[in-house]
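Given the sequences, and given the hints that come with them, work out the whole structure.
Taken in sequence, the protein lines are chains L and Z. Residue 125 in the working numbering sits at position 125 of the first sequence; the count goes up by one each step and never skips. Every position in the second sequence, counted from 1, becomes a number in the working numbering once 215 is added.
Read the hints as simulated data drawn from the structure, not as lab findings. Values in this document were obtained by computation on a predicted structure and should not be read as measured data. Note that CB positions come from ideal geometry on N, CA and C, so glycine has one too. Be aware that a few hints might be false.
[What the hints assert, rightly or not] Only part of the chain Z face toward chain L is listed, based on derived beta-carbon distances under 8 Å: (1) Thr-235; (2) Lys-258; (3) Thr-260; (4) Leu-297; (5) Ile-299; (6) Val-359; (7) Asp-362; (8) Gln-378; (9) Ala-418; (10) Tyr-422; (11) Leu-424.
[To be verified] Listed below are the simulated EDC-like cross-link pairs for lysine to aspartate or glutamate, each with C-alpha atoms no more than 16 Å apart in a straight line: (12) Lys-83/L - Glu-404/Z; (13) Lys-112/L - Glu-416/Z; (14) Lys-298/Z - Glu-231/Z; (15) Lys-54/L - Glu-16/L; (16) Lys-327/Z - Glu-16/L; (17) Lys-43/L - Glu-231/Z; (18) Lys-298/Z - Glu-201/L; (19) Lys-390/Z - Glu-201/L; (20) Lys-269/Z - Glu-231/Z; (21) Lys-279/Z - Asp-300/Z; (22) Lys-175/L - Glu-416/Z.
There are 2 protein chains.
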Amino acid sequence: MNSSSSSPKVPIPTLERLATYLRFLIDLEASHVETISSTDVEKQTGINAAQFRKDLSYFGEFGKPGVGYNVQELQARIARILKIDQLQPIMVIGAGNLGSALIGYPGLTEHKFHIAAAFDRDPAKIGCLQGNLMILDEADVCTVNADIGARIAIICVPASAAQGVADTAILAGVKVILNFAPIILRVPERIVVRNVSFLQELAVLSYHLSSDTKK
Amino acid sequence: MNSSSSSPKVPIPTLERLATYLRFLIDLEASHVETISSTDVEKQTGINAAQFRKDLSYFGEFGKPGVGYNVQELQARIARILKIDQLQPIMVIGAGNLGSALIGYPGLTEHKFHIAAAFDRDPAKIGCLQGNLMILDEADVCTVNADIGARIAIICVPASAAQGVADTAILAGVKVILNFAPIILRVPERIVVRNVSFLQELAVLSYHLSSDTKK
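This is the structure:
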């Protein structure tokens, strides 16, 4: 119900790879490369050429047989698919180290993401500048968002505070949440949440430490 | 070749969910819950009960029909599967906002992860304390790791520096890398890399912003 009715249900890994292709295409365009083949994509990104073609096939016809893909055109189309062809305001809640890292994250603007507001509940942080952004009071999320209209929230508060700020963000009009707090958020069905868990990432890596490589 | 020969190839999403179950079980144990059912898991984590049973099935028999799963036992077995049943030293390279957030990340110790050393190349940071940890010179990665024996490296340096520090970390004995830099690292086949890309996460979320919810 949240996806556009014209395209079939697209698997999340495909969307993740589209973002990788986009990142890669932006770099290529900056280097004035005009055309690429799916084999080039495989060499540069490590993603199989057949996988690349399959990922694109969800969204219609791309590229010309024997010629390849026009870099600029492909980039524009993927950006449109991912709905990042126009500036997307984002709110960050929690301006600790992680929130600060996100506010200053390079490449956001290139991808048309704009951190429009950052909030914290710590009086020592409220009113301080983080880059060009003044940290605002968490209590003002709703009133501020009536102006900026962010539909994406990034939550970087401690686990104990995360559900509360998520509820507030949704009340303020947020539709999708990137959650860094190590808890499972309870949200209405229409809201999309992605969780980034450092512990999960480390645990998956740890699994790959085979016992034979143990010191 | 890097996975243990006794178990079949386990899909990455299964490993990711195992880490979620583990997190959940640790919380349950802290609340003195002794037994759970797969339905409880579904209710609490949002992961389908059948999926939970299927994930565990890769690793043998778990739980008792009609009784459920012993929380403590299940937790210990998942920790063993993920090889986080003993303290795992980790090195962090790059002590900016993101590196600092990771060094202070709550729950690491609970999962037997131990940030044993953090490095930076900025003379202004080297020698400074971050929590209890003194930031060390990036030039000393190899000599320091001869002592601490970290096989996991977390890379939080800018994209332009990431390949260089990855090469050094591998030279120093690192087997798996959690990479936060927005580039694709080139590593020998035996090395496992997981990339965390904030841009990718945002792009996937952005896709889910259906046009009808647009202001």
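Consistency of the hints with the structure:
1. Thr-235: holds, 6 Å
2. Lys-258: violated, 11 Å
3. Thr-260: holds, 6 Å
4. Leu-297: holds, 5 Å
5. Ile-299: holds, 5 Å
6. Val-359: violated, 15 Å
7. Asp-362: violated, 12 Å
8. Gln-378: violated, 14 Å
9. Ala-418: Ala-418/Z check passes; min Cβ-Cβ to chain L is 4 Å, inside 8 Å.
10. Tyr-422: Holds - the Cβ of Tyr-422/Z comes within 8 Å of chain L, reaching about 5 Å at its closest.
11. Leu-424: holds, 6 Å
12. Lys-83/L - Glu-404/Z: violated, 35 Å
13. Lys-112/L - Glu-416/Z: holds, 14 Å
14. Lys-298/Z - Glu-231/Z: This hinted pair holds, its Cα atoms lying about 13 Å apart.
15. Lys-54/L - Glu-16/L: This hinted pair holds, its Cα atoms lying about 14 Å apart.
16. Lys-327/Z - Glu-16/L: Not satisfied, since the Cα-Cα distance of roughly 30 Å exceeds 16 Å.
17. Lys-43/L - Glu-231/Z: violated, 27 Å
18. Lys-298/Z - Glu-201/L: holds, 13 Å
19. Lys-390/Z - Glu-201/L: At roughly 15 Å apart (the allowed maximum being 16 Å), Glu-201/L and Lys-390/Z satisfy the hint.
20. Lys-269/Z - Glu-231/Z: holds, 14 Å
21. Lys-279/Z - Asp-300/Z: Not OK: Lys-279/Z and Asp-300/Z at ~23 Å, beyond 16 Å, violated.
22. Lys-175/L - Glu-416/Z: Status holds; Cα separation ~15 Å.
The earlier numbered hints that this structure contradicts are 2, 6, 7, 8, 12, 16, 17 and 21.
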